[in-house]
Amino acid sequence: MYEVSKAGALKLLFLTSLMGASGVANASLPDEIDFRTYGSIYEQSKYKSQSARAEASEAFERLAATISAIESTQDAIQASEDNIQRNISDIDSLDNQIVELSRQIKDLTAQNDSLFSDIRDLKSEVSNLDGQIANNEDRLRAPKQRLNDLNIRFDELQRQRSALINEKNEFEGYLAKETRILNAMIGDLENLRRIREDIKMRMPERVRKIDLLKDGNKKLVNRVQSLEAQVAGKQAAVNSLEQEVKPARQALRQAKSQRDALKAEVGPLIKRESNARSALSSAKKALKSNQDEIQSATTRITALENQKGSLPGQIESLRNTISSQESDLASKKATQKASQQRMNQARNEQRALAVEFRKIQQMPDSPTKTQKLNELKAKGQALTEERKALSEVIRKLRMEIPALEKSLASNKTSLTSKTRTLATINSQLQSEKTKKQNLVSKTAGLKAKVQSAKAELESAVAALGNKKTRLANLETKVKAAQDVFDAKNSELTTAKVQLRKVTDSIEKARARIKSNIAEIRKEERELERDSREFAKVKEDIRDVRRQIPGQESRVAGLENRVSSIFRELDNVEGETRTVDARIGEVSREVQSLENYIAELVSQRNSALDTMDAKSNQMDQNDQTMKRHDNQIASNQQSIQDLEKQINDLKINIGNLEISLSSLLDDKQEQTDDYNDKDLYAKKLEAITQNDLMAFEKRDSLYKSYKSQAYNLGEDQGFMQGQEPGESAGFDEAKKDAGVFGAKNGDIIGKLSGYLKGLNDGKEAGNTQGYSAGVNSKEDYGAGYESGYAVGLKKAKDEAKATDYPMGIAQMKEELLKDVPGNQISVDSNMVTESLSFKSAAISAESFAGFGIAKSDVESAIDKVIAQTESEIEYFETPKVAMSEANLVYESPSFIPVDSKRLDCSSVYKNVRDFIAACESGFGDGFKTSFAASHRDVFFSEYSGLFKLEKEDAFTKAFSTREKEGFDEAYAVVFKEAKARGGKVAYANGYDNGDSDGYSENIKSEKEKAFAQGQADTQDFFAHNAVIRVDDSKAISVDLEKSEKGFEQGASFDVNLGLVNFGKASSGEKDTIVSVVASSSNVVFDTNVKKLSGLSARAKVNVTDVFKVKIKDSEMPGSPIKFDLQVTSPNEIGENVTKVVSFSEKVTVNPEVKSDLKYGKEVNSYKRRWFKKVWLTHDVKMVLEGLRANVPGEYKVTAEILEGSKHVTLENSEVKITSPGAKGQKSEGIIKYKFKKDTDAKDETLSFKLTLSYDSEVLKTEVIKVKVDK
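For the sequence shown, this note's numbering begins at 1 and goes up steadily by one.
It is possible that some hints are incorrect.
Stated by the list, open to error - With a straight-line Cα cutoff of 30 Å, these simulated DSS-like cross-link-like pairs (lysine-lysine) come out:
1) Lys522 <-> Lys218
2) Lys477 <-> Lys734
3) Lys947 <-> Lys963
4) Lys734 <-> Lys406
5) Lys1205 <-> Lys1171
6) Lys200 <-> Lys978
7) Lys1222 <-> Lys1235
8) Lys536 <-> Lys1235
9) Lys1235 <-> Lys1248
10) Lys1241 <-> Lys1160
11) Lys1090 <-> Lys1171
12) Lys796 <-> Lys1006
13) Lys1259 <-> Lys1157
14) Lys396 <-> Lys372
To be verified - With beta-carbon atoms standing in for the labels, derived distance ranges:
15) Glu594 <-> Arg627: 39 to 49 Å
16) Gln867 <-> Ser995: 40 to 50 Å
17) Lys735 <-> Asp486: 19 to 29 Å
18) Thr335 <-> Gln50: 50 to 60 Å
19) Ala518 <-> Glu785: 33 to 43 Å
20) Glu873 <-> Glu475: 42 to 52 Å
21) Glu964 <-> Ile541: 44 to 54 Å
22) Gln428 <-> Gln341: 52 to 62 Å
23) Asn344 <-> Ser366: 31 to 41 Å
Bear in mind the hints are in silico, worked out from the structure with no lab data behind them.
All C-beta atoms, glycine included, are put in the ideal place defined by N, C-alpha and C.
Make a model of the complete structure from these sequences and hints.
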């Protein structure tokens, strides 16, 4: 056995002394519940068993560490043997790799020679392709330039088109907008007429509705007075019934209290019965479980003993097998080692023979050399055969040794496993026997516990039966009291419902009255609004009628401008299509050349890529050969390193096998040590388990008896605290309801009476005041006078807006028919001045519509009413009124506990701890019951008591402020209503006066305005210039230096034909001519000209109004367009504007710069060997473009003026393509050849060359050439 340490002994001594002292202090506890003494005994046992278990655990850890070291050593030996085999295999692999690398180096050298030849051929091909690419790029430049010029022109046309489209969209937007405005005016006119008719129909209906509402209010007031008379009688009936309900409620509460007290006594008994049943069930289950565990332990012990029986024989058999396998393995490894050493020796001998063989081969041929070589070959062949035999032996051993090692390792693992299993079974067998012994000793205590639980259950069932009989009698008493209370309470509820019906009817009637008053005020405001709206609609109809003719004129002008833009857009799109077609032709030519060049470039790049690839391949081959040489040297060094590693690994295996033998001896010694300490620890743990069971049994029983004592006291306290809590809660609720209910009822009663007076006063003041205002004659008369003045002004304004312009238009039409016969022509520079003028427009006087401020303004008294309603609503909220119990209730701060009836005599054996627990439970139960019943009664009674107190106070306070409210509202509202009625009277008079003022004067005012318009027009023609465009020759032009029309680069003057219908020259007034639109191919010297001094009564042709130049590079056939806007002086308040248009097309200007290149001194022949060869010479015509977009070709013709007997023309005509753009050049060649056998030495030849374009001769030049020989 193991002894505890010195420190452990001291600790055990201290615990023993402490437990002894505790046992003395608690000697009063009976043994069956003395948990403190048995707890001390358990602590001592636990300390001893834990110390023993700690020492056993340390021994087991040492054993586990040794086993782990053994396994690690075995793994290291196996790893070293595996490494030896891998190194041998690697040496063979490296030898084979050296042979393969040498072969690859030879193949790569041959491949590089072939690649060098291919690269030389590719360089020659690339040089040839570079020449072809350069030639074709020269051919591409001219078409590309033409294509660029055409694209520029196309973009310019697109910009013109976009500008015209934008302008079209803009004017179409204006047109749509103005058309919508016109349609809206027409629609507004129809809507206004419909609104006018709707108002006429609405106004009588509103008057009838107001009368019906007033009659309904009178009937409602009578009903309210009748219902208020019934309220007092019904309230008295309710008060009487409430006095009868109180005794019935008290009787019911008392019966319930007695029943609940008995229920409280029954509760603990039910709980006691349930606990007893539960304890009996638990005890039976514990006994059954203990018996099952004993049976299970017996079964496990039998199984372990059977399992243990065969293990010792199996362990001995494995040990014998392992010993045999280890001997066999050592023998095979020795054979393998000797074979491998001979294999290495034979390999070294072969390498030495190879060195000697190469040396002898280098010697001169002789019989001795041949003999030695044959001898060396025979030795080499013998060594090769020996190596093959050794290799086969090594190969078989490499297969047998791992299999044998694997079997040995498996047997060793099985031996270790079975040894551990045997030790484990021995330990488990001892443990199971100890557990069974403990379970058997525990059986007697469990049987005693079952008997005790049966006795407790029988006692609890008997006590509960008596209490249930008394409880049934009390339930009958409660039901009878409940029936009496329900009958009285039902009568009270019926009376309250009848009272509430009457008060609700009163409130509904008052609400209906209030709603009718609001509806009457609303209808009166609507009636006033309809009157104002009717007058405004009539005025709006007249305004819209005046605006429609002017809007129709604006729409017509915009439609003309949109049509003009469409014509310009068609011309631009036509030219765009022409340019686009030409772009397509040139683009195809450019694309063809670019595709051919791209194909050549692709061929060149492909050749270069191939050349680069072959060059890279050569570099890669060189790198590969270098890597192979390095790899061969590396392999030879690796073979030497691997052979050294093999020797080192064999030495390491020997050292590891020595360490393994020592570890196996340590393992056996540590196993024995662990088994002894583990057995001792298990015996102490069994003792500790028995001590723990004794302690837990007493501790559980003590806690159970203490809990029963606490519950005994708590149940009594709960029953005795309910009745005083209910009584205190009712008294508290009655006191708080009396304070807060009376206060809230007084405040709301006064405010409600005041609000009723305000509403009644407002109704009376509004009705009487409005009636007084509507019937006011003073207001009606003032309105009629103002309305008549406005109606007269409307008649004058309408006549000036409609009939005055009609008079002007009729007279102007007659005067413009008289065209002047006098015709003159003036230069615009003579009549153009920079003058300013003031408008003589005749504008209508400004008119401000007559209106009155809105009539639907709230009364000043409404703020007082709203404020009063808000105050009532505020004081009605539960938080302010304190009408809800949760806002008032406060839990009792002190609860006096009455413990006179407490009985703790039934606690277990009158133990002092249990009596104290009973007293504590009583206090807690009493306080909990008191607080709960106090809160329940307060919350159930407070709201009803509050309502009764509030209603009493409300009734007393309601009438105190009613008259005050009536007087205050009447004074304010009467004055406001009278003012509103006066406005209605004024409006009626205004409408009638407006209508009379207009209808009585409109006819005479129209006649005056028409006559005035005619007179003003005649006077204007007599004293002013009246300028118009002469439609017969509106625009004419004078071309400068161009006989072929509007050719590229030409300039021209624009002339304008005008007519002055007035009897005065334009004098200080201007006629403004503006360029409002022009095609992009022309440039104006200015965009605006002002013309003055045009003669009276004459047709005037104004020359040189604008100077215009056609751009040099314009496409022939493109349209020349421009619009001029002529604005004449002011005529009776308007500017007269007219737009005139001009259109032509651009013609070709073939002007070009030319230059002749030729030999001025030439030879007629040259000699080739002994013969004369008669020569041909060139005359080159080079053309340089002065502008773009000259289509087609130029033609050069030649004729011989002098020397026709010596030379002939090989071609007398050549066509030269137009240069296409400014600065570009094109050329053609005329060839002449000397006649055979002619003698032209010192002769002078003369040629005439003519340059023409489309049959137009542009240039003629004569050249002379001197003949040297």
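Cross-check of the supplied hints:
1. Proposed proximity of lysine 522 and lysine 218 is supported: the alpha carbons are some 18 Å apart, at most 30 Å.
2. For the given pair, lysine 477 sits about 28 Å from lysine 734 by alpha-carbon distance, which is consistent with the 30 Å threshold.
3. Distance check on the hinted pair: lysine 947 and lysine 963 sit about 27 Å apart at the alpha-carbon level, within 30 Å; holds.
4. Restraint check: the Cα-Cα separation between lysine 734 and lysine 406 comes to about 100 Å, which exceeds 30 Å; the hinted pair is violated.
5. For the proposed pair lysine 1205 and lysine 1171, the alpha carbon gap of about 22 Å is at most 30 Å, so the pair holds.
6. In summary, the hint linking lysine 200 to lysine 978 is supported, as the alpha carbons are separated by about 25 Å, within the 30 Å threshold.
7. Of the pairs offered as hints, the one joining lysine 1222 and lysine 1235 is violated, with about 41 Å between alpha carbons and a cut-off of 30 Å exceeded.
8. Straight-line distance between C-alpha atoms of lysine 536 and lysine 1235 comes to about 111 Å, which puts the hinted pair past the 30 Å bound.
9. For the proposed pair lysine 1235 and lysine 1248, the alpha carbon gap of about 19 Å is at most 30 Å, so the pair holds.
10. For the given pair, lysine 1241 sits about 14 Å from lysine 1160 by alpha-carbon distance, which is consistent with the 30 Å threshold.
11. For the proposed pair lysine 1090 and lysine 1171, the alpha carbon gap of about 84 Å is over 30 Å, so the pair is violated.
12. For a cut-off of 30 Å, the pair hint linking lysine 796 to lysine 1006 stands: about 8 Å separates their Cα positions.
13. Annotation: proposed proximity of lysine 1259 to lysine 1157 holds, straight-line Cα distance about 16 Å (limit 30 Å).
14. For the hint linking lysine 396 to lysine 372, the alpha-carbon distance of about 36 Å lies beyond 30 Å, and the restraint is violated.
15. With their beta carbons about 47 Å apart, glutamate 594 and arginine 627 fall inside the hinted range of 39 to 49 Å.
16. Range check, glutamine 867 to serine 995: Cβ separation about 45 Å, and the 40 to 50 Å hint holds.
17. For the hinted restraint 19 to 29 Å between lysine 735 and aspartate 486, the CB-CB distance of approximately 28 Å keeps it satisfied.
18. Separated by about 58 Å at the C-beta atoms, threonine 335 and glutamine 50 satisfy the suggested range of 50 to 60 Å.
19. At roughly 36 Å, the beta carbons of alanine 518 and glutamate 785 sit within the given window of 33 to 43 Å.
20. Checked against the hint of 42 to 52 Å, the C-beta distance between glutamate 873 and glutamate 475 comes to roughly 48 Å, which is consistent with it.
21. For glutamate 964 and isoleucine 541, the hinted distance range of 44 to 54 Å is satisfied, since their beta carbons lie about 52 Å from each other.
22. The hinted range of 52 to 62 Å is satisfied by glutamine 428 and glutamine 341, whose Cβ atoms lie roughly 54 Å apart.
23. Look at asparagine 344 against serine 366: about 35 Å separates their beta carbons, and that is inside 31 to 41 Å.
Hint compliance for this structure: hints 4, 7, 8, 11, 14 are not met, and every other hint is.
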